[in-house]
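Visitor: One-letter residues, chain by chain:
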Amino acid sequence: MSSENAPHFSSRDAVVCRGVGKTWAAGTKRAHEALRDIDLDIKPGEFVVFLGPSGCGKSTLLYLIAGLEDATAGQIWSFSDKVETPSPERSLIFQETSLFPWLTVWQNVSFGLAIRGASQEERRAVAAEALQRVGLIAAMDKRPDELSGGMRQRVAVARALAMRPKVLLMDEPFAALDVQTRARMQDFLLDVWRDSGASVLFVTHHIDEAVALADRVVVFTSRPGRIKTIYPIDLPRPRNLFSREAETMRIQLTELLRDEVDRAFAEQEAFAVPA
Amino acid sequence: MAVVTRDGETGAAAGASRPAAATRQLAPRLLASMAGLDWLAKVWWTCLSISLFAGMWELCWAMGWADEKLLPPPHIFLDNIGEQGKYFNTATRWQVGQSMGEGPSAFESVLITGAATTMRVFVGLVLASVLAIAVGVLVRYYRFFDRLVLPTITLLSPVSPIAWLPVAIFLFGIGNAPAIFMVVVALFFHMVLATINQIDTVNTNLINVARTMGASKPQIYARVIVPAILPGMLQVLRMNLFGAWMVVLVAESTGVGYGMGQVIMLARNTFNPSLVFFTIAVIGVLGFTFDWLLRLAQRRILYWLPDTAERLRVL
Ligand SMILES: Nc1ncnc2c1ncn2[C@@H]1O[C@H](COP(=O)(O)OP(=O)(O)OP(=O)(O)O)[C@@H](O)[C@H]1O
Ligand SMILES: [Mg+2]
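Respectively, the protein sequence lines represent chains A and B.
For the first sequence, the numbering used here gives the first residue as -3, with consecutive numbering after it.
For the second sequence, the numbering used here gives the first residue as 78, with consecutive numbering after it.
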């Protein structure tokens, strides 16, 4: 764990995880191992989807990569910087809405610039550009509680983009949306991803979503989360999701995931009814 | 995507303005007058509520259940305001060189006394909240401040404000200062604990968003935590408003100055139930107005909060 014997890695990679583990409340009676031995390399501009049973530590891994929590084992780098604190280069979009209710949409989007002391005109201009990209320029002066759930998530995406991150971390951002809205949001995300050139790490429970979006799918085991397989989705873009290959991939991913979900459930039952 | 936006905008109005173009123009005006009616309705319900209470009291009196010497009904204790007002603002009326006939009129006396008490409540409330929020934020900001200060605050918060009364008199004698001190002492400790509790329950996601955007600790406090606790703090303030009114009366009634509490004490000592009820009525009106103003301010400051009361009512 000490930096003298740091393992070698390609310093051009967007995210590098080496032997990363996280135990919540380590050293106490409530200690709880969420992640173990994660080794992962993510290229610049790559779209990677995390798939795994509920509670396997997907959100935890995003938090570690964002620098919001400290890993209890292993190390994480991003573009040759060791991840120790949060950085505007790695934007996280949360599972639940996280807009500031007291700010208008454009003020939310330009929050990061306000932190750096940018002028009002500059902030408005940057916010307008980011909102343009998510198709919400008309809602600029509204407040978050006046927006629908999908619009709020798009504002959150705009806020993350306004920071021009090199790594975009997204924790089930579209989970609360209906199927049609989600499909539109996926298209929109792919556009944004292509324009920005950022790497995207995207957590989801939906296998369709993984096949629609990912260059590679990381499948996690049940808790403590380890990497079970890394499954490449080498379909050309724009993708035909009704093709035979896409269907085969969905079936294979479903199989991979089912074992783990079964195991997670068995474990939770054993936990609930002590023998 | 534009479709979603347009839907969102028209959604609210759609229900009301479907039928014809003529009605659509009428709708805003109708809405405006409805809003006016809404306000009137509120006044009407308030009057009705009070009349009902007063009516029951009058009924008890008419039936002979309530002795008018002990429980004089409203029409008796509100009857002679001039007579009642004589007892108010005694400090000014009985100043050296003034006879009973001079000085402010009875009505003015009631106003002056009421204003004096209100001013003490207001100043005490403002001082207590500013101090409490500052201390609460410092406790969470600096660990050493937490360890140094929080035990004492927790120790002192269950002490009844009445116990501070002698201290108020020792320190400040008589006048405004001891009454204001009593209000501050009664509110401060609870409000510090409430502030800390509010800070602890701020949504961590909001703090994490600010952290990922490179916000420093002072920036997170100034731009996220303080605005996030503001709604809860105003609520706490309103809850404590009534506490402040109670304490100020106690402070005034034990001779730390003139004011509503002092009039009540006078009424007790001279066995004047009419004056007691008259004073209670004045205090009620003052407290009600104060709370209403605070609610108004709350709606102004917390423009982003939706009206939950209405949503709960229509359930
Ligand atoms: N702040 C925390 N403190 C303690 N334990 C936590 C905390 N956050 C998560 N955990 C635990 O870590 C494990 C992994 O949680 P995590 O939220 O990363 O799962 P997840 O894979 O994102 O699940 P889901 O798909 O349901 O969102 C869980 O068992 C959870 O109980
Ligand atoms: Mg999660």
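These aren't lab readings, by the way, just hints derived from the structure by calculation.
Keep in mind that the hints are not guaranteed to be accurate.
[Said to hold, decoys possible] Calculated lysine-lysine pairs in the DSBU-like style (CA-CA distance at most 30 Å, straight line):
| no. | chain 1 | residue 1 | chain 2 | residue 2 |
| --- | --- | --- | --- | --- |
| 1 | A | K138 | A | K25 |
| 2 | A | K162 | A | K78 |
| 3 | A | K138 | A | K39 |
| 4 | A | K138 | A | K162 |
| 5 | A | K138 | B | K146 |
| 6 | B | K163 | B | K146 |
| 7 | A | K224 | A | K162 |
| 8 | A | K78 | B | K294 |
| 9 | A | K162 | B | K146 |
Visitor: Are the Cα atoms of A:K138 and B:K146 separated by 30 Å or less?
Guide: Not satisfied, since the Cα-Cα distance of roughly 61 Å exceeds 30 Å.
Visitor: Can you confirm whether the C-alpha distance between A:K224 and A:K162 stays at or below 30 Å?
Guide: holds, 26 Å
Visitor: Within 30 Å, alpha carbon to alpha carbon, are A:K162 and A:K78?
Guide: Holds - the C-alpha atoms of A:K78 and A:K162 are around 15 Å apart, at most 30 Å.
Visitor: Take the C-alpha atoms of B:K163 and B:K146, compute the straight-line distance between them, and say whether it is at most 30 Å.
Guide: Distance ~20 Å between B:K163 and B:K146 Cα, so the pair holds.
Visitor: Need the status of pair A:K162, B:K146: alpha-carbon distance at most 30 Å?
Guide: With Cα atoms ~82 Å apart, A:K162 and B:K146 exceed 30 Å; violated.
Visitor: For a C-alpha distance cap of 30 Å, please report whether A:K138 and A:K39 respect it.
Guide: Since the Cα atoms of A:K138 and A:K39 sit roughly 37 Å apart, the hinted pair is violated (cutoff 30 Å).
Visitor: Take the C-alpha atoms of A:K138 and A:K162, compute the straight-line distance between them, and say whether it is at most 30 Å.
Guide: holds, 28 Å
Visitor: Is the hinted pair A:K78 and B:K294 satisfied, with a Cα-Cα distance of at most 30 Å?
Guide: Measuring from Cα to Cα gives roughly 21 Å; hence the hint holds.
Visitor: Need the status of pair A:K138, A:K25: alpha-carbon distance at most 30 Å?
Guide: violated, 47 Å
Of the numbered hints given earlier, the model fails hints 1, 3, 5 and 9; all others are met.
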